[in-house]
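Residue-level listing of the chains:
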Amino acid sequence: MTKLKKERVVSKRKHDKRERMGSVLYLAPSLLGVLLFFVLPFLVVIFYSLVDNPISHNFVFLDNFTKVASNSAFQLAAKNTLKFSLIAVPLAVLLSLGLAILLEGGLPYKSQLRTFFLSPMMVPIASIVLIWQVLFHYNGVVNNALLGFGLDKIDWMKSSYAPVVIVLLFLWKNLGYNMILFMAALSSIPKDIIEVAQLESASEWKIFYYIKTRYLSSTILFVTIMSLINSFKVFREVYLLTGDYPFDTLYMLQHFMNNTFRSLDYQKLSAAAIIMAVVMIIIIGILFITENRFGRDVEG
Amino acid sequence: MRRRGRIHRQTISQRHRKKKIKNIFSFTFVGAFAVLFLMPIILTISNSFMAASEITSNYGKIFATTDTGGKKFIAETVTLKFIPDIVSFHQYITVLLKSPDYLLKFWNSIILVAPIVIFQIVVASLAAYSFTRFRGRLKEMLFFAYIILMLMPYQVTLVPNYLVSNWLKLIDTNWAIWLPGIFSPFAVYLLTKFMRRIPESVIEAAKIDGAGEWQIFRLIAMPLCKGAIYSVAILVFIDYWNMVEQPLILLSDVEKHPLSVFLSKINAGEIGLAFAVATIYMVPTLLVFLYGEDYLVEGITYQGGIKG
Numbered sequence: 007m008t009k010l011k012k013e014r015v016v017s018k019r020k021h022d023k024r025e026r027m028g029s030v031l032y033l034a035p036s037l038l039g040v041l042l043f044f045v046l047p048f049l050v051v052i053f054y055s056l057v058d059n060p061i062s063h064n065f066v067f068l069d070n071f072t073k074v075a076s077n078s079a080f081q082l083a084a085k086n087t088l089k090f091s092l093i094a095v096p097l098a099v100l101l102s103l104g105l106a107i108l109l110e111g112g113l114p115y116k117s118q119l120r121t122f123f124l125s126p127m128m129v130p131i132a133s134i135v136l137i138w139q140v141l142f143h144y145n146g147v148v149n150n151a152l153l154g155f156g157l158d159k160i161d162w163m164k165s166s167y168a169p170v171v172i173v174l175l176f177l178w179k180n181l182g183y184n185m186i187l188f189m190a191a192l193s194s195i196p197k198d199i200i201e202v203a204q205l206e207s208a209s210e211w212k213i214f215y216y217i218k219t220r221y222l223s224s225t226i227l228f229v230t231i232m233s234l235i236n237s238f239k240v241f242r243e244v245y246l247l248t249g250d251y252p253f254d255t256l257y258m259l260q261h262f263m264n265n266t267f268r269s270l271d272y273q274k275l276s277a278a279a280i281i282m283a284v285v286m287i288i289i290i291g292i293l294f295i296t297e298n299r300f301g302r303d304v305e306g
Numbered sequence: 005m006r007r008r009g010r011i012h013r014q015t016i017s018q019r020h021r022k023k024k025i026k027n028i029f030s031f032t033f034v035g036a037f038a039v040l041f042l043m044p045i046i047l048t049i050s051n052s053f054m055a056a057s058e059i060t061s062n063y064g065k066i067f068a069t070t071d072t073g074g075k076k077f078i079a080e081t082v083t084l085k086f087i088p089d090i091v092s093f094h095q096y097i098t099v100l101l102k103s104p105d106y107l108l109k110f111w112n113s114i115i116l117v118a119p120i121v122i123f124q125i126v127v128a129s130l131a132a133y134s135f136t137r138f139r140g141r142l143k144e145m146l147f148f149a150y151i152i153l154m155l156m157p158y159q160v161t162l163v164p165n166y167l168v169s170n171w172l173k174l175i176d177t178n179w180a181i182w183l184p185g186i187f188s189p190f191a192v193y194l195l196t197k198f199m200r201r202i203p204e205s206v207i208e209a210a211k212i213d214g215a216g217e218w219q220i221f222r223l224i225a226m227p228l229c230k231g232a233i234y235s236v237a238i239l240v241f242i243d244y245w246n247m248v249e250q251p252l253i254l255l256s257d258v259e260k261h262p263l264s265v266f267l268s269k270i271n272a273g274e275i276g277l278a279f280a281v282a283t284i285y286m287v288p289t290l291l292v293f294l295y296g297e298d299y300l301v302e303g304i305t306y307q308g309g310i311k312g
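Protein chains in written order, with our numbering: chain A, 7 to 306; chain B, 5 to 312.
Note that these hints are calculated values from the structure, not bench results. Hints are supplied without guarantee of correctness; some may be wrong.
In silico BS3-like links for lysine-lysine, alpha-carbon gap of 25 Å or less [unchecked claim]: (1) A/K73 with A/K89; (2) A/K212 with B/K24; (3) B/K26 with A/K218; (4) B/K269 with A/K164; (5) A/K218 with B/K24; (6) B/K143 with B/K197; (7) B/K23 with A/K116; (8) B/K24 with A/K116; (9) A/K218 with B/K22; (10) A/K197 with B/K22; (11) B/K23 with A/K218; (12) B/K22 with A/K116; (13) B/K230 with B/K260; (14) B/K22 with A/K212; (15) A/K212 with B/K26; (16) B/K197 with B/K230; (17) B/K102 with B/K260; (18) B/K85 with A/K159; (19) B/K211 with B/K197; (20) B/K23 with A/K197; (21) A/K164 with A/K89; (22) A/K197 with A/K116; (23) A/K197 with B/K26; (24) A/K218 with A/K197.
Chain A side only, calculated, beta carbon under 7 Å to chain B, not exhaustive [what the hints assert, rightly or not]: (25) Y32; (26) V40; (27) F43; (28) F122; (29) I137; (30) V147; (31) L275.
We put the beta carbon where it would ideally sit given N, CA and C, even for glycine.
Working from the sequences, and respecting the hints, build out all of it.
See the structure below:
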């Protein structure tokens, strides 16, 4: 190797090193913040969940988890939250997909309609809770309508129907966002493939099932995950409608967390947070794997 | 030959007609749906222009208080009215001039949200640049970790947030809400997705012209991501303007609560005011929406496809 070449290699290495330094510098603020505010404390949370109290640090392993899991308030909250997600998420995905297909199918005033559907996203939920109360109060508009049809009044907020009200609010809030995602995905499906299928006189349903869903699968995955996350946020709506102690069917995981925060029982909180994180990772993992199987054909 | 051609033409025109009918159907359906979506917003705004007495007579049965004393008129039925009998600015006057509480809470909201939006974007655009320009195995793993973190529900990150705020003695100060907000991975994720679409050749060309990393970042990456930054700002803004969980847990001082939390605590007696306050609280987001809808749509669109 000549001297010149060597120098060049050295300078290249120097350059690489400088580049790496630069890369670290740009990332540093964010990384430090994330480490300090999310990762490190999460490690502590894991630690707390395994010891009996924050001072003596005796390892009790899974004791805290069994305690939380057998706590009736946690069970109720977990059951309600899961039930809510199981109903609200599929509905949100299917309805928004349906709306997106209709809108992309060449309706006039597409962008205006899109604006209408998106507008709930903009409205602070606290503002809209009033209207929901007017609608679903025992003496509210919906019950009046029911009376008009000769049906019995329903005490919406204080009965097993309460989740229905929240599901409606959730759909109202989230459909627009999901719809935009689906519209973008639909318009990016290659037109020629669909034209070929039409020439082969495939029915619309077949085109949808055999072609479009393949291209939509990654968006369906994303919309499902986002809806799932948003369904965990539904506490906001419930809290604003009903306060700290709602009717039993509306007692969500966030209520459990808030009430546990008041007693500052770190063990309980940590164990609950970890249980939720694990469940979340499992659900997302399953969704990812399903999508990988299903959308394999169009990966590119 | 000729006959077959005619038949073919017929089916096409039939198909067209069928499609037209279908379109009319779906337009009415989607349109009705859309109006339903807009209704709560219109109702809130129109009700904010009603006089207090009109509100009471409309919704008395729902928000009736027992402690008002004196004469009380409560309507038998609840009526949903879109157009006020008399347009009255009385509620706005009360909110804006006579009860400083609401304005204070509105100001709290601004104080809480603005720094998060600004600094989350500053921190995130630097990080996104790093994730875009210097890629390697480690970086990809790190980016994946950011995505996982982003997907965690608030109930999971809440406890870690609380612990740090407690160690740093930030509980009951705005910092407890600002700092985790500023370092939230959401903007990093979205901006990285945008920035990775900048063609390599653009950056290479700048490099050949002798631009340093900082210059590339400031003069090329940032201007090209302007739209993305707007849309991220809008999404972050909406999210935090709506916050409820964080102040409830991290700020025990009710005086510091944002309007998003306080609005739910308006007493039933002042229900008329609530509509005016709600409308005022909507104004910033509606303005953002009117001016930035396209950015918002673009931002949401780019969010899709986690794997990309």
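Hints broken by the structure, by number, lowest first?
Number 13 only.
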